[in-house]
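Enquirer: Sequence:
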Amino acid sequence: MDPTDTAFCPRYHRAVEVIGRRWTGAILRAMLLDVTRFADLRAVVPGLSDRMLTERLKELQDEGIVERIVHAETPVRIEYRLTEKGRELHDAVYALSRWADRWIPLEATT
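Under my numbering, the first residue of the sequence shown is numbered 1, with each subsequent residue one higher.
Any given hint could turn out to be false.
Think about it this way: if two alpha-carbon atoms lie no more than 20 Å apart in a straight line, the pair counts; the simulated DMTMM-like pairs of lysine to aspartate or glutamate are [claimed, not checked]:
#1 85 with 62
#2 85 with 34
#3 58 with 88
#4 58 with 40
#5 85 with 67
#6 85 with 63
#7 85 with 17
#8 85 with 50
#9 85 with 59
#10 85 with 101
#11 58 with 79
#12 58 with 17
Keep in mind the hints are simulated off the structure, nothing from the lab.
Whenever a hint applies, use it, and build me the whole structure from the sequences.
Expert: See below:
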């Protein structure tokens with residue numbers, strides 16, 4: 001088989017586009033650690049604005065990766081939870097984390 005026949009995979013390309021958007025990986029990583037509230041997500045991802053967090057959460061909801069749960073309390077409490085599809089990203093996210101720990105110098109992240 002010629003490797004150029006399989007070098008481009010549309011599903012892989014789409015997956016990388018979805019989870020590779022700016023801030024999305026950091027949001028997913030936090031959610032895999034059970035961070036579920038909007039303010040908590042914003043707090044654990046330095047530099048993430050309210051507008052960008054809202055946009056990324058909406059995109060992840062549209063992709064079926066995150067669900068928005070509204071608790072009918074006073075005051076209303078909203079949580080964001082990973083769906084089964086989102087939880088399936090666990091191994092991929094942590095493989096990338098291990099790779100980054102090994103290959104990305106800490107000073108390159110500041």
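Enquirer: Take the hints in turn and mark each one as holding or not.
Expert: Outcome of the hint check:
no.	hint	verdict
1	85 with 62	holds (12 Å)
2	85 with 34	holds (15 Å)
3	58 with 88	holds (19 Å)
4	58 with 40	holds (17 Å)
5	85 with 67	holds (10 Å)
6	85 with 63	holds (9 Å)
7	85 with 17	holds (16 Å)
8	85 with 50	violated (25 Å)
9	85 with 59	holds (14 Å)
10	85 with 101	violated (25 Å)
11	58 with 79	holds (13 Å)
12	58 with 17	holds (15 Å)
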